[in-house]
Amino acid sequence: MKSAVVTFPASNCNRDMFDALEKITGQRPHEIWHQDTDIPDVDLIALPGGFSFGDYLRCGAMAARSPAINGVMAHAERGGNIIGVCNGFQVLTEMGLLPGALMRNRSLKFVCKTVQLKVENADSTFTNAYTDGQVIDIPVAHHDGNYFADDQTLAELEGDGRIAFRYVDQNGEATKLSNPNGSQNNIAGIMNKRGNILGMMPHPERLIEDAQGGIDGRGFFESIINSLN
Amino acid sequence: MTETNWNNNPEITDGLVKEHGLSDDEQKLMVKILGRTPTLTELGIFSVMWSEHCSYKSSKLHLKTLPTKAPWVIHGPGENAGVIDIGDNQAAIFKMESHNHPSYIEPYQGAATGVGGILRDVFTMGARPIANMNALRFGSPEHHKTRHLLSGVVEGIGGYGNCVGVPTVGGETNFHPSYDGNILVNAMAVGLADQDKIFLSAAAGVGNPVIYVGSKTGRDGIHGATMASAEFTEDSEEKRPTVQVGDPFTEKLLIEACIELMSTDMVVAIQDMGAAGLTSSSVEMASGGGVGFSLNLDNVPQREEGMTPYEMMLSESQERMLVVLKPDRVEEAKKIFVKWDLDFAVIGEITESGNLTLSWQGNVVADIPTQPLADNSPEYDRPWVKTEAPATIDPNDVTAPNDLADALLKMVGSSSFASRAWIWQQYDHQVMADTIQLPGGDAAVVRVHGTDKALAISTDCTPRYCYADPFEGGKQAVAETWRNVTAVGATPMAITDCLNFGNPERPDIMGQFFGAIEGIREACTVLDYPVVSGNVSLYNETNGTGIHPTPAIGGVGLLEDSRKMITIAPKNDGDVVMVIGESKGHIGCTEYLNIIEGREEGAPPPVNLELEKKNGDFVRGQIIAGSVTACHDISDGGLFIALTEMALASNKGMDINLNYGDIPAHSYGFGEDQARYVICASSSDADRVISAANAVGVAIENIGTICGNELSVANSFTVAVSDLLDAHASWMPNYMSTES
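For the record, the sequence lines run as chains A and B. So the number in this note's numbering is just where the residue sits in the first sequence, counting from 1, plus 108. So the number in this note's numbering is just where the residue sits in the second sequence, counting from 1, plus 2.
Hints are computed from structural coordinates only; laboratory data are not their basis. Mixed in with the good hints, there may be bad ones.
[Stated by the list, open to error] Only pairs whose alpha carbons sit at most 35 angstroms apart, straight line, appear in this in silico DSBU-like list of lysine-lysine: (1) A:LYS131 / B:LYS455; (2) B:LYS341 / A:LYS110; (3) B:LYS573 / A:LYS221; (4) B:LYS328 / B:LYS218; (5) A:LYS131 / B:LYS573; (6) B:LYS199 / A:LYS131; (7) B:LYS34 / B:LYS66; (8) A:LYS217 / B:LYS147; (9) B:LYS147 / A:LYS284.
[Said to hold, decoys possible] Simulated restraints on C-beta separations: (10) A:GLU139 / B:VAL366: 44 to 52 angstroms; (11) A:GLN135 / B:LYS199: 27 to 35 angstroms; (12) B:LYS199 / A:TYR164: 26 to 34 angstroms; (13) A:GLN135 / B:ALA627: 52 to 60 angstroms.
Positions of the beta carbon are idealized from the N, C-alpha and C atoms, including for glycine.
With these hints in hand, go ahead and build the complete structure from the sequences.
The structure is reproduced here in structure tokens:
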């Protein structure tokens with residue numbers, strides 16, 4: 109699988125994403141600087157986590173207006189796959205490629221911990237290596253991951269099976285306690301209508317080796333590879 | 003100082019010199035070095051360079067006695083950070099530094115810029131920072147400011163570290179009334195570099211350009227170093243303008259730009275602008291290289307209009323670096339900084355003169371020989387009195403609690419032992435994807451990227467021991483980091499120290515300092531664990547009341563094979579639990595005595611360093627041999643707390659049988675004798691471990707097995723792990739959500 113990782117000023121999970129993609133796909137991803145206007149022809153573009161432009165404006169707002177974004181948009185329109193993790197998810201909502209917004213966590217505090225996610229729809233480009241309803245461990249680390257959308261959008265997301273992951277407890281129940289940031293309907297990750305774009309707050313790239321405490325994140329990347337075959 | 007208009011060039015009166023914190027003798031020395039009366043800018047430069055914070059004038063006589071060398075030490079104290087050899091042409095670069103005074107006045111920015119400053123000390127040497135740690139001390143939980151300070155400091159550390167993308171992997175947090183008026187915020191950073199790509203600050207090459215990069219210079223932080231060199235009084239709040247404001251976004255860009263610059267061969271020398279900003283960086287670079295610096299201050303990127311030379315030289319604006327480049331490489335270097343949207347300005351050149359010569363608006367405003375300014379700075383042998391060692395408390399003289407289980411629950415749910423998850427969950431401790439031991443264990447462990455090696459890091463100090471007996475306390479702080487690093491399976495390599503004390507002009511405080519240094523020296527010598535970097539923070543006092551002496555130690559160790567690393571969490575039911583080292587029921591100065599009896603008294607546990615070494619080397623050997631499934635050092639709260647913490651980490655119970663001998667159970671179980679560990683091994687390995695210990699004369703005892711969901715100590719108490727978990731988890735969230 110050919111992939112590319114876009115780095116914005118103060119992206120800080122770009123190396124982690126790059127390494128995860130290289131380890132799992134066996135191919136070195138392209139590195140795209142936010143000012144690059146030439147985006148190579150790849151199967152997947154990844155927008156990594158971090159604090160693009162310091163998050164001094166709304167998270168992701170500045171990055172969504174970077175020169176490289178035109179190429180990302182064109183890739184999206186061609187039906188190319190895009191993932192946005194953490195800050196990358198925020199960028200995708202600011203670009204308008206995914207609905208809703210990520211607001212400040214309900215606790216008002218940054219939260220870094222490993223949470224449980226339920227795979228809500230294992231029939232997608234990004235989740236097919238998991239099983240429906242599977243509960244996986246993935247770390248979160250964010251200050252603004254509180255997903256919000258209007259009722260109609262939420263109904264559409266739910267109805268179309270576009271919720272990829274939901275925060276749950278060990279038993280797979282979406283409880284208030286298992287929701288680390290106050291997201292509506294415990295939403296952790298969503299897809300666009302066409303199914304080629306996914307945004308999620310948790311970091312699958314941080315859990316791909318036993319040494320990191322588990323490999324539950326691998327399935328995410330393996331799903332994308334599967335979908336190309 | 004508010005009455006002086008710094009924008010004018012006032013007459014340099016004795017009063018003005020005094021306001022700058024220089025003594026009569028220091029004033030005479032300054033005039034002698036210059037051969038004339040200083041200009042205002044020069045006075046400012048002398049004032050900050052000779053402040054306690056920058057000159058170490060009260061401490062350096064004693065610091066010189068610390069052991070700093072070992073075959074694996076590449077650079078010891080004197081550089082921006084210590085550098086050790088970790089094999090394969092790689093080096094670990096680390097340092098711990100205090101940001102106490104600013105954090106009390108403005109906790110968020112004080113702590114944030116503490117993190118920023120220590121990161122710059124590490125990446126200025128060519129390292130990519132890979133881990134942040136911290137050691138925090140707050141006043142009593144009941145003090146009306148503690149919540150505000152704790153909340154602000156934690157947010158500040160997180161706000162900065164999270165944005166720059168360096169994981170904050172661990173640390174320690176204590177509460178004690180001695181910090182009510184002076185909290186301690188000690189930040190440590192660890193970086194990784196190739197040994198042939200380490201950069202130093204000594205400038206060279208007459209005619210080479212001096213470059214300013216990073217943020218613009220503003221009026222923030224002027225006199226910050228001077229503030230950190232005096233006691234607090236009632237009006238300390240008015241010092242808020244001396245606290246700098248951090249911009250982690252710019253720091254992140256600066257890290258990347260500097261690493262990119264240093265991957266070329268353009269750099270002759272590089273130095274961050276920390277305390278005393280442009281002054282200390284230029285003086286250190288010039289004096290270190292035996293050259294002069296001629297700077298044109300008109301070229302300094304400025305954030306505000308109308309800044310004077312005095313202000314520019316004393317500003318502590320953050321995220322700035324000074325670089326000496328090879329000639330003809332300016333345009334090439336500039337491209338890197340333009341790419342990262344950072345200021346880049348040629349502000350001067352290296353001269354033969356040996357002087358720091360500053361021009362501004364066509365006039366020379368300062369011309370100071372740097373060698374005497376840096377090297378002839380005052381050095382004091384301040385009078386000191388030895389701290390009287392308190393009497394040892396007999397373990398039989400402390401009455402038994404009504405119920406050991408209640409006592410244990412009370413301790414586990416106290417501010418001393420309650421879970422710190424509320425703190426470390428606000429830090430991104432996993433970014434860079436190499437954190438292989440998360441906060442909450444004995445030491446944090448981060449992999450050396452792309453290898454199987456890992457670094458283990460621990461920050462420790464037990465201030466109540468240091469207060470009772472600075473010598474034993476100093477030894478213990480070093481030994482505890484050594485033990486913690488050992489307990490994950492790593493070989494302890496070297497330490498950084500952050501020495502926080504009260505007013506050195508008081509002989510009793512100087513006595514504490516002297517005692518602690520002696521203890522650190524002895525421990526480092528015996529454990530072969532040199533000091534490679536550090537920092538001293540004095541005047542942690544308010545209205546004449548000092549903090550407990552707090553020589554915080556940051557220890558770093560190497561795991562050649564990170565797959566051998568273990569944690570404090572027992573792995574399997576049926577594993578055998580063993581204690582390494584002798585339990586003698588040392589109850590003086592313990593957490594038990596403090597929490598249960600409300601007494602802070604007695605001698606601290608003595609540290610037998612030879613025994614530490616023997617026991618630790620044995621434990622590490624067994625871990626590396628793969629015979630140990632979990633390990634926890636025994637420190638605060640003794641054996642009962644160590645067992646509890648292991649049970650909590652795994653959510654597994656234990657069935658324990660102890661042979662108390664003639665020691666009361668509470669003294670035995672909560673006593674804080676040193677050089678001890680709890681280890682677990684599978685039932686098939688346990689006998690072999692015990693034989694191996696017996697063969698080398700290491701005290702070892704089989705005390706039980708991992709099983710069930712209760713911590714049960716025969717004939718003493720049984721507590722459900724879930725009850726311990728509740729007590730442990732609830733204190734800090736409850737405390738922080740309560741109005742003071």
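Given pair status - LYS147 (chain B), LYS217 (chain A), alpha carbons within 35 angstroms: Given that 35 angstroms is the threshold and the Cα spacing comes to 20 angstroms, the pair holds.
Agreement of LYS573 (chain B) and LYS221 (chain A) with the hint, judged by alpha carbon distance not exceeding 35 angstroms: This hinted pair holds, its Cα atoms lying about 21 angstroms apart.
Distance restraint between LYS131 (chain A) and LYS573 (chain B), which requires alpha-carbon spacing of 35 angstroms or less: holds, 29 angstroms
GLN135 (chain A) versus LYS199 (chain B) beta-carbon gap, inside 27 to 35 angstroms or not: holds, 28 angstroms
Pairwise hint evaluation, LYS455 (chain B) against LYS131 (chain A), where the allowed Cα distance is 35 angstroms at most: Distance ~18 angstroms between LYS131 (chain A) and LYS455 (chain B) Cα, so the pair holds.
Hinted pair LYS341 (chain B) and LYS110 (chain A), Cα distance within 35 angstroms: With Cα atoms ~27 angstroms apart, LYS341 (chain B) and LYS110 (chain A) stay inside 35 angstroms; holds.
Hinted pair LYS328 (chain B) and LYS218 (chain B), Cα distance within 35 angstroms: holds, 23 angstroms
TYR164 (chain A) and LYS199 (chain B) - C-beta distance against the hinted 26 to 34 angstroms: holds, 32 angstroms
Given pair status - LYS131 (chain A), LYS199 (chain B), alpha carbons within 35 angstroms: holds, 27 angstroms
Pairwise beta carbon distance, GLN135 (chain A) to ALA627 (chain B), judged against the given window 52 to 60 angstroms: Given range 52 to 60 angstroms: violated, Cβ gap about 39 angstroms.
Hint check for VAL366 (chain B) and GLU139 (chain A) - Cβ pair distance inside 44 to 52 angstroms: holds, 48 angstroms
Pair hint outcome, LYS147 (chain B) versus LYS284 (chain A) [Cα-Cα no greater than 35 angstroms]: With a Cα-Cα distance of about 32 angstroms, the restraint between LYS147 (chain B) and LYS284 (chain A) holds, given a limit of 35 angstroms.
The earlier numbered hint that this structure contradicts is number 13, and it is the only one.
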